[in-house]
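When you get a sec, could you build the whole thing from the sequences and use the hints?
Below, each chain spelled out in residue letters.
There are 2 protein chains.
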Amino acid sequence: MMKRVKAIVSYDGTNFSGYQVQPNKRTVQGELQRALAVLHKAGEWHATGSGRTDAGVHSLGQTIHFDTPLSIPEERWHLALNSLLPEDIVVRSAAFVDGSFHARFDAVGKMYVYRLWTGSEKNVFTRNYVGHIPGTLSYNNMLAAARHLTGTHDFTSFSSPKTSVEDKVRKIYSIHIDQQQDEWEFQFIGSGFLYQMVRILTGTLVHVGTGALSPADIPVILAGKNRSLAGPTAPGNGLYLTKVFYHPDDLHRETAAVKKKFK
Amino acid sequence: MMKRVKAIVSYDGTNFSGYQVQPNKRTVQGELQRALAVLHKAGEWHATGSGRTDAGVHSLGQTIHFDTPLSIPEERWHLALNSLLPEDIVVRSAAFVDGSFHARFDAVGKMYVYRLWTGSEKNVFTRNYVGHIPGTLSYNNMLAAARHLTGTHDFTSFSSPKTSVEDKVRKIYSIHIDQQQDEWEFQFIGSGFLYQMVRILTGTLVHVGTGALSPADIPVILAGKNRSLAGPTAPGNGLYLTKVFYHPDDLHRETAAVKKKFK
Chain X
1 MMKRVKAIVS
11 YDGTNFSGYQ
21 VQPNKRTVQG
31 ELQRALAVLH
41 KAGEWHATGS
51 GRTDAGVHSL
61 GQTIHFDTPL
71 SIPEERWHLA
81 LNSLLPEDIV
91 VRSAAFVDGS
101 FHARFDAVGK
111 MYVYRLWTGS
121 EKNVFTRNYV
131 GHIPGTLSYN
141 NMLAAARHLT
151 GTHDFTSFSS
161 PKTSVEDKVR
171 KIYSIHIDQQ
181 QDEWEFQFIG
191 SGFLYQMVRI
201 LTGTLVHVGT
211 GALSPADIPV
221 ILAGKNRSLA
231 GPTAPGNGLY
241 LTKVFYHPDD
251 LHRETAAVKK
261 KFK
Chain Z
1 MMKRVKAIVS
11 YDGTNFSGYQ
21 VQPNKRTVQG
31 ELQRALAVLH
41 KAGEWHATGS
51 GRTDAGVHSL
61 GQTIHFDTPL
71 SIPEERWHLA
81 LNSLLPEDIV
91 VRSAAFVDGS
101 FHARFDAVGK
111 MYVYRLWTGS
121 EKNVFTRNYV
131 GHIPGTLSYN
141 NMLAAARHLT
151 GTHDFTSFSS
161 PKTSVEDKVR
171 KIYSIHIDQQ
181 QDEWEFQFIG
191 SGFLYQMVRI
201 LTGTLVHVGT
211 GALSPADIPV
221 ILAGKNRSLA
231 GPTAPGNGLY
241 LTKVFYHPDD
251 LHRETAAVKK
261 KFK
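Top to bottom, those sequences are chains X and Z. The numbering of the first sequence is UniProt numbering, which starts it at 1 and goes up by one. The numbering of the second sequence is UniProt numbering, which starts it at 1 and goes up by one.
I should point out that these hints are in silico values taken from the structure, not numbers from a laboratory. Nothing here was measured: the structure is a model prediction, and the numbers come from that model. Some clues are possibly wrong.
To be verified - No farther apart than 20 Å at their CA atoms in a straight line, the calculated lysine to any residue pairs in the SDA-like style are these:
1. Z:LYS122 with X:ALA80
2. Z:LYS122 with X:LEU60
3. Z:LYS122 with X:ILE8
4. Z:LYS122 with X:SER93
5. Z:LYS122 with X:THR126
6. X:LYS122 with Z:PHE125
7. X:LYS122 with Z:PRO86
8. X:LYS122 with Z:LEU60
9. X:LYS122 with Z:THR14
10. Z:LYS122 with X:PHE125
11. Z:LYS122 with X:ASN82
12. Z:LYS122 with X:ARG92
13. Z:LYS122 with X:ARG76
14. Z:LYS122 with X:GLU87
15. X:LYS122 with Z:GLU87
16. X:LYS122 with Z:LEU84
17. Z:LYS122 with X:SER83
18. Z:LYS122 with X:PRO86
19. Z:LYS122 with X:THR242
20. X:LYS122 with Z:ALA80
21. X:LYS122 with Z:ASN82
Have a look at this one:
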């Protein structure tokens, strides 16, 4: 009898051409499916992710599902997969779920974190894990801009024109900005994010932070529905998919916790 | 007129075959000398380091010297070199020194830090930066072993037999062990360290920590002068050369500070 497994996967995106399988490229999905094929003694085995991440982008919370006829107990599934996965992917947890669960279509929201370093010197140890944009940022101006971005908007201006998605309306539940000297963290919780949207949101907030844009420009950029109006796309190496939400209650609880903490 | 420059260099050792130049290998010294050759518009240019580090070993304090006829001001030297160095090497500071200064022969001591993770799960983000040896360690037993190792000893048992160095007597000024849950940090300050000595010291301390060896075994291991008596060589990826000392006063001040802090 087939069982459906839901698994949460961390990966260091540095040496991957993104999440989704591509011919002749090393991808996260490709490695996961290779491990599953070995485990099932099959030529190939499919896993469905919650969505793509770009080259260099990391994950602490990518969520996948796959079906299996194997009798591996629930609490051993992450170990079975980890023994077959390369050192830059780890299954953090795995659980049996109802056969109707779908990692992509059932997702009601996602959380991303962008880690940014604004110091002038390069850091050899964080170069793959923290985006580096030297400069001085205004916390208050970025906060004001973030308030304009929060809510339900058409995010055409904040997505790559390469996307084939037609409906560009998304809801951002919260944006939280944290600073410790030259280390910044931008946390985004939303219903979903368009192609490169988090990186363009971050790049635009940074432009507001430096004064290249003002907070009052944000409503104009949103209304313009044109990618060229927003700021640059922040580098992929600072971006982390940290959580995928499958229950509105979890999503709202997390959003409320962020709002309470940083009110 | 030739000036001598002393520079402090950080590097991520992950993608290097160690510090020292080797034919057809990517090395830290090779990259530094390539940058110097470009800067001097010369076919090659020599830099002398304080000593080697192995493949995968990192640095926050490697110290080098080189001579130059260029008229670059002192405060611009690190920028000039950083503009030509790859992303995994950075010159932290550079200063003019007396022409008699020698990065290797004038070193009176070194500090190394070994970062260790003992949790059962692998961590995809620290895999190149923290040694991973799963297990439970006794702090008190390791501290007792460290006391036996501190002082002036023949460290033949704690060095790779591959070394060509004949005099195996070294002085360890201090060993400090720090723990935060499953993250451990071992700091060693010594007059100098033999080939793989810090990694063998760490591997031996870990064996004492797990109970495979007892603290009372350490004097026996030292007296035996045989590599096979000591514990395993800890992986290179957790090791950092953090400081090279050129003045006995600095060395003694740092050692006293460690002893005061952890008395």
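Structure-based check of all given hints:
At most 20 Å may separate the alpha-carbon atoms for a hinted pair to count; LYS122 of chain Z and ALA80 of chain X meet this at roughly 14 Å. Restraint check: the Cα-Cα separation between LYS122 of chain Z and LEU60 of chain X comes to about 13 Å, which is no more than 20 Å; the hinted pair holds. Our distance criterion of 20 Å between C-alpha atoms is met by LYS122 of chain Z and ILE8 of chain X, whose separation comes to about 14 Å. Simply put, LYS122 of chain Z and SER93 of chain X have alpha-carbon atoms about 13 Å apart, close enough for the 20 Å limit, and the pair holds.
Of the pairs offered as hints, the one joining LYS122 of chain Z and THR126 of chain X holds, with about 19 Å between alpha carbons and a cut-off of 20 Å not exceeded. Under the criterion of a C-alpha separation no larger than 20 Å, the hint pairing LYS122 of chain X with PHE125 of chain Z is consistent with the structure, at around 19 Å. Note on LYS122 of chain X and PRO86 of chain Z: the hinted pairing holds, with a Cα-Cα distance of about 11 Å set against a maximum of 20 Å. Restraint check: the Cα-Cα separation between LYS122 of chain X and LEU60 of chain Z comes to about 13 Å, which is no more than 20 Å; the hinted pair holds.
Between LYS122 of chain X and THR14 of chain Z the CA atoms are separated by roughly 17 Å; this keeps the pair inside 20 Å, and the hint holds. At roughly 19 Å between alpha-carbon atoms, LYS122 of chain Z and PHE125 of chain X fall within 20 Å of each other, so this suggested pair holds. For the hint linking LYS122 of chain Z to ASN82 of chain X, the alpha-carbon distance of about 9 Å falls within 20 Å, and the restraint holds. About 9 Å separates the Cα atoms of LYS122 of chain Z and ARG92 of chain X, which keeps this hinted pair within 20 Å; it holds.
Between LYS122 of chain Z and ARG76 of chain X the alpha-carbon distance is near 15 Å, which keeps this suggested pair within the 20 Å criterion. Distance check on the hinted pair: LYS122 of chain Z and GLU87 of chain X sit about 8 Å apart at the alpha-carbon level, within 20 Å; holds. With a C-alpha separation of about 8 Å, the suggested pairing of LYS122 of chain X with GLU87 of chain Z holds against the 20 Å cut-off. Distance hint between LYS122 of chain X and LEU84 of chain Z is fulfilled; the C-alpha atoms sit about 13 Å from each other, no more than 20 Å.
With a C-alpha separation of about 11 Å, the suggested pair LYS122 of chain Z and SER83 of chain X falls inside the 20 Å cut-off, and the hint holds. The straight-line distance between the Cα atoms of LYS122 of chain Z and PRO86 of chain X is roughly 11 Å, inside the 20 Å bound, and the hint therefore holds. For the given pair, LYS122 of chain Z sits about 17 Å from THR242 of chain X by alpha-carbon distance, which is consistent with the 20 Å threshold. For the given pair, LYS122 of chain X sits about 14 Å from ALA80 of chain Z by alpha-carbon distance, which is consistent with the 20 Å threshold.
Note on LYS122 of chain X and ASN82 of chain Z: the hinted pairing holds, with a Cα-Cα distance of about 9 Å set against a maximum of 20 Å.
No hint from the list above goes unmet by this structure.
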